[in-house]
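Per UniProt numbering, the very first residue in the sequence shown carries number 1; after that it's consecutive.
FYI, nobody ran anything at the bench for these hints, they're computed from the structure.
Because the structure is a prediction, the values reported are computed rather than measured.
Beta carbons: idealized from backbone N, C-alpha and C, even for Gly.
Don't take each hint at face value.
Stated by the list, open to error - Below, in silico cross-link-like pairs of lysine to aspartate or glutamate (DMTMM-like), each with a Cα-Cα straight-line distance of 25 Å or less: (1) 376 / 296; (2) 309 / 365; (3) 265 / 312; (4) 309 / 290; (5) 309 / 278; (6) 309 / 322; (7) 78 / 32; (8) 15 / 32.
To be verified - Now the in silico label distances, taken between C-beta atoms and shown as ranges: (9) 237 / 54: 52 to 60 Å; (10) 143 / 43: 56 to 64 Å; (11) 138 / 272: 25 to 33 Å; (12) 71 / 244: 37 to 45 Å; (13) 383 / 203: 39 to 47 Å; (14) 367 / 340: 49 to 57 Å.
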Amino acid sequence: MPAPGPNAALRLPPKCNACQSNRVAWTSPRVDFCYQCPPGGPFAAPPCNRCRARTDYFSQGLCSRCHPRSPEHIGSCKGCLAWGVYPRHNWTCWSCRWWQSHYPKGTCTYCGRTSHVSDRQACRLCLENARLEQKPGRAPDVAAANKDSQQLFFANMVFKRRATPVPDYVRWDGRWSKKNKNQLPYQPGTRFGRHALEQPALIEMDPDPEVLRQRLLVEDSELTRYCAAIVADHARRYGWSVRQRNAVIQSLRLLQILRPTPTAKVRASDVVALRRYDGTITSTLDVLAEAGLLTEDVPTRVERYFNAKFIESGALPDAMREHLQLWLQVMLGGSRQAPRQLPREPETVELHIQGLAPVVQTWVEAGRQSFAEISKDDILAAPRGPARRHQPTPLRRERPEVAVQDPQGPPTRLRQPHEGHRPDPCRHEPSDAAGPRRDPGRTGLAEPGRRARCGSGGLPRTDRQAGP
Numbered sequence: 001m002p003a004p005g006p007n008a009a010l011r012l013p014p015k016c017n018a019c020q021s022n023r024v025a026w027t028s029p030r031v032d033f034c035y036q037c038p039p040g041g042p043f044a045a046p047p048c049n050r051c052r053a054r055t056d057y058f059s060q061g062l063c064s065r066c067h068p069r070s071p072e073h074i075g076s077c078k079g080c081l082a083w084g085v086y087p088r089h090n091w092t093c094w095s096c097r098w099w100q101s102h103y104p105k106g107t108c109t110y111c112g113r114t115s116h117v118s119d120r121q122a123c124r125l126c127l128e129n130a131r132l133e134q135k136p137g138r139a140p141d142v143a144a145a146n147k148d149s150q151q152l153f154f155a156n157m158v159f160k161r162r163a164t165p166v167p168d169y170v171r172w173d174g175r176w177s178k179k180n181k182n183q184l185p186y187q188p189g190t191r192f193g194r195h196a197l198e199q200p201a202l203i204e205m206d207p208d209p210e211v212l213r214q215r216l217l218v219e220d221s222e223l224t225r226y227c228a229a230i231v232a233d234h235a236r237r238y239g240w241s242v243r244q245r246n247a248v249i250q251s252l253r254l255l256q257i258l259r260p261t262p263t264a265k266v267r268a269s270d271v272v273a274l275r276r277y278d279g280t281i282t283s284t285l286d287v288l289a290e291a292g293l294l295t296e297d298v299p300t301r302v303e304r305y306f307n308a309k310f311i312e313s314g315a316l317p318d319a320m321r322e323h324l325q326l327w328l329q330v331m332l333g334g335s336r337q338a339p340r341q342l343p344r345e346p347e348t349v350e351l352h353i354q355g356l357a358p359v360v361q362t363w364v365e366a367g368r369q370s371f372a373e374i375s376k377d378d379i380l381a382a383p384r385g386p387a388r389r390h391q392p393t394p395l396r397r398e399r400p401e402v403a404v405q406d407p408q409g410p411p412t413r414l415r416q417p418h419e420g421h422r423p424d425p426c427r428h429e430p431s432d433a434a435g436p437r438r439d440p441g442r443t444g445l446a447e448p449g450r451r452a453r454c455g456s457g458g459l460p461r462t463d464r465q466a467g468p
């Protein structure tokens, strides 16, 4: 039935009493049936009073396109005023539905409408008009684009537009490569040197956040263009989301802005410092490492543990410190020189450091100045505790790498008897027929009494006899 008031909008008409599928033909005058179900029917529906269409009749003399309460009635978007939305989606286009879930509601600074505004206090319509006039490599000027008039759009037809041509290295056969935009090809002569001259800052000052944000919107830097193909490959290989991929690109832009020398290689400490600007640390380090632009100057967890155990105290002699640092380098990175060594896992190296620390401390307290002064007795007298199995391992196995640099080093690979161990009395050795007979207790022909104590288990399998 009609809503209250002479000019009120029509309400949603009820369904037909007979079929419960179509809407009633009229609400004023009241008709409780559609044109297919009245007594004596069906009857042909009249044409639409507005568009004169003879098909798809809805109710009250209007078709489904013209009736304001029809689910097929077309209107304007409540957010960006785009034409072509339906009431079943709350009169909102797809772009504005995403926009409403990410930005709060407020008053647009440029057009004065009450809508969901971005961090620049601009609604989506004003930003879309600014992007129409945006120049390649420049941020959109919202104020100038919406000064005189605004261009309206059709709903759900705004796609990603490229401000610059796509570089040649961007392929179109992958899922993630289609999302590359605003990536300019870098110059063929672009180089990043480790020994580039750097101008130190006279006074350290934090950059203005607003100025930094404005510079991030400018064209891609040389570092971003150089790493664009690697970022796209990482995103496709490891399944990065669009948000993570854009965060890595933004972190690369931050590095290029904050670094005093843009042509120098990137230090890992500079990447770690991006935490204050909400930068992505781990993924950015992976991209720079694969591009060959990363300089490792941040100690790892194992290196920090090594320094805490041996270096920070300052009590370690210079010769021992150099040998231990060489040992750590070989353990982590391996060695191609004889004797060769494969790189070990950081957790394994940390366990070796944990076992080696009390042994080295004991030798330092005893007045040893170098590992060349360590004798066999010193190794056998090393302290043994609950972690004993980790203590002698670096001394027996990892010392050969140090001995390469120090030929006068102590003997290594020493066999140490376990605590409480005694030789097996039934263990035999092959006899020498040509020479004198050995002790019967240490040969395969043991004494009867000794064999009786050991039983048949003390003889080799070939010496056992079947039967009694």
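Ascending list of hint numbers which this structure does not respect: 1, 3, 4, 5, 7, 13, 14
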